[in-house]
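Chain by chain, the residues:
2 protein chains.
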Amino acid sequence: MHHSTKPQVIVIGGGFGGMACVRALRGVDIEIKLVDRRNFHLFQPLLYQVASGGLSPANIAAPLRSIFRRQKNIQVLLGSVVDFNLSDRTVILEDQISIPFDYLIVATGSTHHYFGRDAEWEPLAPGLKTIEDATEIRRRVLTAFEQAERTVDLAKRASLLTFVVVGGGPTGVEMAGSICELAHQSMKNDFRSIDPASARIILIENSKLILDKYHVSLSETATRDLKALGAEIWNETRLLEIFTDHVIVSQGGNAKRLETNTVIWAAGVKACRLGKKLADAMQTPNQVDRSGRVVVDSQCAVTGHPNIFVIGDLAAFSAPNGNTLPGVAPVAVQQGDYVGGLIAKSVRGSRPTQPFQYWDKGNMATIGRSRAIVEAGKIRMSGKIAWLVWLFIHIMYLARFENRILVLFQWFWNYISRNRTARLITGAKEQNVQDVTLPH
Amino acid sequence: MHHSTKPQVIVIGGGFGGMACVRALRGVDIEIKLVDRRNFHLFQPLLYQVASGGLSPANIAAPLRSIFRRQKNIQVLLGSVVDFNLSDRTVILEDQISIPFDYLIVATGSTHHYFGRDAEWEPLAPGLKTIEDATEIRRRVLTAFEQAERTVDLAKRASLLTFVVVGGGPTGVEMAGSICELAHQSMKNDFRSIDPASARIILIENSKLILDKYHVSLSETATRDLKALGAEIWNETRLLEIFTDHVIVSQGGNAKRLETNTVIWAAGVKACRLGKKLADAMQTPNQVDRSGRVVVDSQCAVTGHPNIFVIGDLAAFSAPNGNTLPGVAPVAVQQGDYVGGLIAKSVRGSRPTQPFQYWDKGNMATIGRSRAIVEAGKIRMSGKIAWLVWLFIHIMYLARFENRILVLFQWFWNYISRNRTARLITGAKEQNVQDVTLPH
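So the sequence lines, in the order shown, correspond to chains B and V. Our numbering applies: residue 1 is where the first sequence begins, and numbers increase by one. Our numbering applies: residue 1 is where the second sequence begins, and numbers increase by one.
Bound-form chain B, shown alone (with noise of 0.2 Å):
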């Protein structure tokens, strides 16, 4: 790493806050150093479409070097930061390479939070968060019905076609309706002693209704919707037991077995631990929060640091009315983009002192392949057109990567087939000889 005069930047994350960062920093007279764990920035919305055989991984994931190719003063480094080192302002790298900085923006998000049974439950219900995740879920999947063809024993062949999504949330709603299409559409003649549209797919879901954070009116629809699909959705159930071939469930105070070889964890994030580093590094503990998040101030910075920022799902920011703003895209992209441009600001000599303001632009959520919810201040919408609007505002956020001609040709095949081609049983072999996915 050579050393200059020129401003020192260093974003670690390439998700949607870091990216927004460095875009927002185009053509400023700085040096900036991405550094990422991987080398794509990966469009995780999109994330079941991979997980049910829809689209390739490389559909929805673009590498971070060919994204800012033509933006000069942004080096992309593959590595994985271990520790922070305030005192000279550097970041430590898991070869022990410290890398100096003037501003600092951490953008690592979140992962999956199995409540406290992390070690033993994320093996048998992998989340949605990566495209290893993704990839491991559509083996599953595939392999369940696979073994469900084979197997004459009729309570194994129901246990083996029992898919099992945890969470109604945006993301369990769109893996259930995504599996029931697989099943109930896209395999339906592909199989000769079962009948893929026999498999049961339920959605366990603690409260009431599912995507609770909607208007009642669009959680109903989306209920409606998922059923019409052909998914049964269990509301005040809670999750008590995974195993291998079996989970447990309570309702209404009553524990109940559910045979089942396929769960899916769509339940809780927590934020990622880096988090806790950067807390430590500052010797305030408080600066994170009950889920990891770590606490920042009006301008996305922390305690003492105003050059130090933490930004997207990683950041605890609290919005005027006192409610701390959520974990999804829109919040990580706005605050990317104004730390960029905060900074951009400040290396010519004047910080701006207006706060972040984030801007609510609406929620959404696919259920299926034509029908959507979205919410917008008052606007409702659901059904076909709510998924046109979903479709738009995906294509058009995809469009900014060299892979949206792919991405809406392989969505409109799909379409008109009914099909997915991507149903491919992978990785199934020991292969990481040298492995260089780096520690968290």
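I should point out that these hints are in silico values taken from the structure, not numbers from a laboratory. Where a beta carbon is used, it is the ideal one built from N, C-alpha and C, also for glycine. Each hint should be verified, as a subset may be incorrect.
What the simulated footprint calls covered on chain B by chain V, stretch by stretch (three residues with Cβ under 8 Å from a Cβ of chain V suffice, anywhere in the stretch; the number is not a length) [stated by the list, open to error]:
hint, region
1, 36-48
2, 145-152
3, 185-193
4, 207-220
On the provided structure of chain B, position chain V as indicated by the hints.
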């Protein structure tokens, strides 16, 4: 597995041979079981495109179930054959389930062969047979560039930017050519500390010429084209040792050390182990030749069992001129087609007597994105026209699959943009909790 009075046909392996055989049996009043360890047919000739980030795995793989969705006389079974019982005419799957057959076709192909050094060399120099091989090579090649960008040690950087491809046959030439394009074109502007164009791509070949099965003029053209792309060709060079950070080769009797962190194997294949199992079950160990292939008669059947056929790379078929047919896709396809037709006529009561005849339509290999060599009888072509012929023939074959349009589109896109959109470093994580890849 239910039983019926219809003739039972088992096809093991859904590659070129097995697929062609099943297709040829369309509409015949039999029950076919196609057993494969993977749930997809893989178009192996384009694997190198996956390994170099040009195509996604799903672009060159199609789920077997969806290929045969409409052929009602076939059931696809995900499974691994572990043994044969010829006295009661059954094959035994990995879970000890036996399936009875009246006709058996074994078409499980070949695997890498490291000249007796398999255990040591396979982890150091992956070959190119499976989707996982291809994504592993992609991961290693891309990771080497990433590490080179981060290191300040110039010797280490040079070693990281040296790529060795072992074997100057079509696979080695295609692999070397596409790494050249990746380094010298696609990633040209992607790095800040290194110049990817300085990467050395070295093709090591034992004999005097690469592609030595072709006419010497084509072989020389390919050499020139590959050098124009930036590859070094080390002819008459024998690989002696592979280590994690260097290789030792022998040139003219002198040992030479070459620093490299990435070695790709394209030098040898051997028949897969099921051939030996079949010979053991037949109690005729001489049925397999030196490279593990099963010796078959003029109808592709094995000695004493006219209804047991071995086709494709696993078969040693002697042509009338005494030569054993090569392990290439056209041989497998034609044998599969022939055996399928033979069985169709047999079950109708009249087994034909004519032997299998191979029609050699010629061979071809690509060198980078717009050059190829084609040899068909006395016709020899090279350059752009040969590449268009190569492209046309491959598209025609892929056109049988549903994902044909996507591949065409992605090729076209890569061609005009000189980009590679599938440059993802993935799979670098332990993930196989319920591993289903089955042993051979």
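Hint check:
1. Counting residues of the region 36-48 of chain B whose CB lies closer than 8 Å to any CB of chain V gives 3, so the stated coverage by that chain holds, three being the minimum.
2. Beta-carbon proximity to chain V at under 8 Å applies to 5 residues in the region 145-152 of chain B; the threshold of 3 is reached and the given coverage holds.
3. Interface restraint, the region 185-193 of chain B with chain V: holds (6 residues with C-beta to C-beta distance below 8 Å; minimum three).
4. Three residues within the 8 Å Cβ limit are the bar, and the region 207-220 of chain B against chain V gives 0, so the coverage statement is violated.
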